[in-house]
Amino acid sequence: MLETILQDRFAVTAVILFGIGFMNLMLQQDLLKKVVGFNIMDSAVFLLLASLGYIEGHTAPIVEEGAVNASLYINPIPSGLVLTGIVVSVSITAFSLALIQRIYRRYGTIQLRELLEKAKKEED
Amino acid sequence: MSNGPEKQDWRTRLVSWVDGDREPKDQSLFVMEQRHRRRFLPTEEEHERREKTRLHRFFNWYPVAAVFIALTLVTVLLGTVLQMPLFGQESNPINNEVAEHYLEHGEEDTGSSNAVTAMILSYRGFDTLGESCVLFLAVTSVMMLLLKDGEDEDGKLARRSAREADQEEHGDIILKRTAWVLTPFIFLFAIYVLLNGETSPGGGFSGGTILGAGLILFSSAFGQRNVRVIMDRKTYSFIRTFGLMLYALLYGAYIFFGANGLPNYLAGMALLIDLAVGLVVACTIYGFYALFSTGEI
Amino acid sequence: MIVLEYILLISVVVCAVAAPLCKRPLVMVIVYMAFSLMMAVLWSLLQSPDLAMTEAAVGAGITSILFFLTLKKIHALKGTKDE
Numbered sequence: 790m791l792e793t794i795l796q797d798r799f800a801v802t803a804v805i806l807f808g809i810g811f812m813n814l815m816l817q818q819d820l821l822k823k824v825v826g827f828n829i830m831d832s833a834v835f836l837l838l839a840s841l842g843y844i845e846g847h848t849a850p851i852v853e854e855g856a857v858n859a860s861l862y863i864n865p866i867p868s869g870l871v872l873t874g875i876v877v878s879v880s881i882t883a884f885s886l887a888l889i890q891r892i893y894r895r896y897g898t899i900q901l902r903e904l905l906e907k908a909k910k911e912e913d
Numbered sequence: 003m004s005n006g007p008e009k010q011d012w013r014t015r016l017v018s019w020v021d022g023d024r025e026p027k028d029q030s031l032f033v034m035e036q037r038h039r040r041r042f043l044p045t046e047e048e049h050e051r052r053e054k055t056r057l058h059r060f061f062n063w064y065p066v067a068a069v070f071i072a073l074t075l076v077t078v079l080l081g082t083v084l085q086m087p088l089f090g091q092e093s094n095p096i097n098n099e100v101a102e103h104y105l106e107h108g109e110e111d112t113g114s115s116n117a118v119t120a121m122i123l124s125y126r127g128f129d130t131l132g133e134s135c136v137l138f139l140a141v142t143s144v145m146m147l148l149l150k151d152g153e154d155e156d157g158k159l160a161r162r163s164a165r166e167a168d169q170e171e172h173g174d175i176i177l178k179r180t181a182w183v184l185t186p187f188i189f190l191f192a193i194y195v196l197l198n199g200e201t202s203p204g205g206g207f208s209g210g211t212i213l214g215a216g217l218i219l220f221s222s223a224f225g226q227r228n229v230r231v232i233m234d235r236k237t238y239s240f241i242r243t244f245g246l247m248l249y250a251l252l253y254g255a256y257i258f259f260g261a262n263g264l265p266n267y268l269a270g271m272a273l274l275i276d277l278a279v280g281l282v283v284a285c286t287i288y289g290f291y292a293l294f295s296t297g298e299i
Numbered sequence: 047m048i049v050l051e052y053i054l055l056i057s058v059v060v061c062a063v064a065a066p067l068c069k070r071p072l073v074m075v076i077v078y079m080a081f082s083l084m085m086a087v088l089w090s091l092l093q094s095p096d097l098a099m100t101e102a103a104v105g106a107g108i109t110s111i112l113f114f115l116t117l118k119k120i121h122a123l124k125g126t127k128d129e
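Protein chains in written order, with this note's numbering: chain E, 790 to 913; chain D, 3 to 299; chain Y, 47 to 129.
These are calculated hints, taken from the structure and not from any lab test. In this text the structure is predicted, and so the values were computed from the model without any measurement. Treat the hints with caution; some may be incorrect.
Sample of chain D residues facing chain E (criterion: CB under 7 Å; computed from the structure) [said to hold, decoys possible]:
id, residue
1, Glu-53
2, Thr-55
3, Ala-68
4, Ala-72
5, Val-76
6, Leu-80
7, Glu-92
8, Ile-96
9, Asn-97
10, Glu-99
11, Ala-101
12, Leu-105
13, Leu-131
14, Ser-143
15, Ile-193
16, Tyr-194
Result set (DSBU-like, lysine-lysine): computed pairs, CA atoms no more than 35 Å apart in a straight line [what the hints assert, rightly or not]:
id, chain 1, residue 1, chain 2, residue 2
17, D, Lys-178, D, Lys-54
18, E, Lys-907, Y, Lys-69
19, E, Lys-910, Y, Lys-69
20, Y, Lys-118, D, Lys-150
21, Y, Lys-69, D, Lys-178
22, D, Lys-178, D, Lys-236
23, D, Lys-54, E, Lys-910
24, D, Lys-150, D, Lys-178
25, E, Lys-907, D, Lys-150
26, D, Lys-54, E, Lys-907
27, Y, Lys-118, D, Lys-54
28, D, Lys-54, Y, Lys-69
29, Y, Lys-118, E, Lys-909
30, D, Lys-236, Y, Lys-118
31, Y, Lys-69, Y, Lys-118
32, Y, Lys-69, D, Lys-236
33, E, Lys-907, Y, Lys-118
34, Y, Lys-118, E, Lys-910
For the chain D half of the interface with chain Y, some residues (derived, Cβ under 7 Å), not all of them [to be verified]:
id, residue
35, Phe-70
36, Leu-73
37, Ile-212
38, Ala-215
Using N, Cα and C, we set each Cβ at its ideal position, and we do this for glycine too.
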């Protein structure tokens, strides 16, 4: 068991990070902290994906002249997927931060509990 | 002639029925049973108190449920992960013939020896096209949320220039000097990464983000007015759209000319596609900064 | 190398736990920045230099700048209260 965990260290770390991020997303009252939790979840998913493509002892997938042999390099597919994912995660972060700014401008707070109370009051 | 108004009437009735009016004028297609609504308005305090208890109860139970769900999720995921093939073995099912093909034929197929760039820009270019659209839309939606509007143009300009002059005068000297030294190197590195994405690590996404970061450093040190000299809002929108269009066009041509059995004269196309992606990404990132810091580009 | 991996993995988890627990939002963003930097080193340990470069520029640079600007806008930094 312990050996499996040590061998799968990246995947296990990714799951732990995912759990931490998820807890933050659910439990924090501060919207900014929710966004940080969301980003941590992002990183966890990327870590899991990238660790799947890694092969012990192989190098980065930049094919050298005269060494066209797939058994020298790691798997390029997860890297490519994660690369697009990282850039998208920035835009998601920017969008949610913009939403937070608008919420602050409207309600004057970003604490979820106060926010809900204020919104309720305004609704009535 | 005489049934004109009647027809009209019929049509309006139908329309009002479709629109969800409860009572069509006289002929009742659907007449909801009209019942006097029970007057049940609790007093203001009572209402507030009830709302408070409801919120209170919600916030009492919410953490317990959240922790429970999170722990269950982590347990299930951990179990799954430990059942997965071991980390770093060559015989893992993910290392199948697709990756092998990308690595072994990537260079002749796409003219790019960096397999990741080859994959992003050529083999899975539609993926990247969709992703560029995501970036484009992200900037657009952030613009919708943060762009300032509803002011007269003159006052805005005057205030903007006054504010920027002020900012320039009282700018941080450490930031200014450091930026003065660092900016050229950052731009140089960004362009290197952008143009050499095929032979070394990097490519459109990395180069674009570094370029955007350099623009941000420049803009925050020397004021946004100096960036506006080379890139005002019109140019910005133009570059942003141009990058995406260029990408779509080039990739369309790429597919049209028969992606894999690529004629030789098209081998340099990956570089141009790379450049288009870099433009889109850099514009996206600088746009975020500009919109967040001053609310305008 | 493997020792470095363990150190980085553990400190990534520590940073992820610590970041949202910080009282001051500024400290939270800085800890998150450290988290991103360590992720960048991890990518390069996983032999993905493309990812490492992008993450270093994005995570430590751009995301943090966006967070800082947001903090300024919502008056959560010291000295931005009366604007």
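Quick rundown of the hints versus the structure:
Against a cut-off of 7 Å between C-beta atoms, the interface hint on Glu-53/D holds, since the closest Cβ of chain E lies about 6 Å away. Nearest Cβ of chain E to the Cβ of Thr-55/D: about 13 Å, over the 7 Å cut. The hint is violated. With its C-beta approaching chain E no nearer than about 4 Å, Ala-68/D sits inside the 7 Å limit, and its interface hint holds. This hint holds: Ala-72/D has a C-beta 5 Å from the nearest C-beta of chain E, less than the 7 Å allowed.
For Val-76/D, the shortest C-beta to C-beta distance to chain E is roughly 4 Å, which falls under 7 Å, so the interface hint holds. Restraint check, Leu-80/D versus chain E: the minimum CB separation of about 5 Å is within 7 Å; hint holds. The restraint placing Glu-92/D at the interface with chain E holds, with a minimum CB-CB distance near 5 Å, inside the 7 Å limit. The beta carbon of Ile-96/D comes within 5 Å of a beta carbon in chain E, closer than 7 Å, and the hint placing it at the interface holds.
The beta carbon of Asn-97/D is positioned within 7 Å of a beta carbon in chain E (closest approach about 5 Å), and the interface hint is therefore held. Residue-level restraint check for Glu-99/D is violated (minimum Cβ-Cβ distance to chain E is 9 Å; threshold 7 Å). A distance limit of 7 Å between C-beta atoms decides the matter here; for Ala-101/D the minimum to chain E is near 4 Å, and the interface restraint holds. Taking 7 Å as the C-beta contact cut-off toward chain E, the hint placing Leu-105/D at the interface holds, the least distance being around 4 Å.
Because the beta carbon of Leu-131/D sits about 11 Å from the nearest beta carbon in chain E, more than 7 Å, this interface hint is broken. Of the supplied interface hints, the one on Ser-143/D holds, with its beta-carbon coming within about 6 Å of a beta-carbon of chain E, less than 7 Å. Because the closest C-beta pair between Ile-193/D and chain E is about 18 Å apart, greater than 7 Å, the hint is violated. Because the closest C-beta pair between Tyr-194/D and chain E is about 15 Å apart, greater than 7 Å, the hint is violated.
A threshold of 35 Å between alpha carbons decides the hint, and for Lys-178/D with Lys-54/D the separation of about 52 Å lies outside it, so the pair is violated. For the hint linking Lys-907/E to Lys-69/Y, the alpha-carbon distance of about 23 Å falls within 35 Å, and the restraint holds. At roughly 28 Å between alpha-carbon atoms, Lys-910/E and Lys-69/Y fall within 35 Å of each other, so this suggested pair holds. Pair hint Lys-118/Y plus Lys-150/D holds up; C-alpha atoms about 17 Å apart against a cutoff of 35 Å.
Note on Lys-69/Y and Lys-178/D: the hinted pairing holds, with a Cα-Cα distance of about 31 Å set against a maximum of 35 Å. For the given pair, Lys-178/D sits about 27 Å from Lys-236/D by alpha-carbon distance, which is consistent with the 35 Å threshold. Taking the CA atoms of Lys-54/D and Lys-910/E, the gap is about 11 Å. The hint holds against a cut of 35 Å. The hinted pair formed by Lys-150/D and Lys-178/D meets the criterion: a straight-line CA distance of about 27 Å does not exceed 35 Å.
Proposed proximity of Lys-907/E and Lys-150/D is supported: the alpha carbons are some 25 Å apart, at most 35 Å. Taking the CA atoms of Lys-54/D and Lys-907/E, the gap is about 12 Å. The hint holds against a cut of 35 Å. The suggested pairing of Lys-118/Y with Lys-54/D holds, with an alpha-carbon distance near 32 Å, which does not exceed 35 Å. For the given pair, Lys-54/D sits about 27 Å from Lys-69/Y by alpha-carbon distance, which is consistent with the 35 Å threshold.
The suggested pairing of Lys-118/Y with Lys-909/E holds, with an alpha-carbon distance near 27 Å, which does not exceed 35 Å. This hinted pair checks out: Lys-236/D and Lys-118/Y have alpha carbons roughly 28 Å apart, not beyond 35 Å. Taking the CA atoms of Lys-69/Y and Lys-118/Y, the gap is near 16 Å; set against the 35 Å cutoff, the hint holds. Pair hint Lys-69/Y plus Lys-236/D does not hold up; C-alpha atoms about 42 Å apart against a cutoff of 35 Å.
Restraint check for Lys-907/E and Lys-118/Y: the C-alpha separation of about 23 Å stays at or below 35 Å, so the hint holds. Between the alpha carbons of Lys-118/Y and Lys-910/E the distance comes to roughly 27 Å, so the proposed pair stays at or under 35 Å and holds. For Phe-70/D, the interface hint is violated, since its Cβ never comes within 7 Å of a Cβ in chain Y; the closest pair sits about 19 Å apart. At a threshold of 7 Å, the smallest CB-CB gap from Leu-73/D to chain Y is about 15 Å, leaving the interface hint violated.
Because the smallest distance between the Cβ of Ile-212/D and any Cβ of chain Y comes to about 5 Å, under 7 Å, the interface hint for this residue holds. Hint status for Ala-215/D relative to chain Y: holds, with the closest Cβ pair at about 5 Å, below 7 Å.
Checked against the numbered hints above, the structure breaks hints 2, 10, 13, 15, 16, 17, 32, 35, 36 and satisfies the rest.
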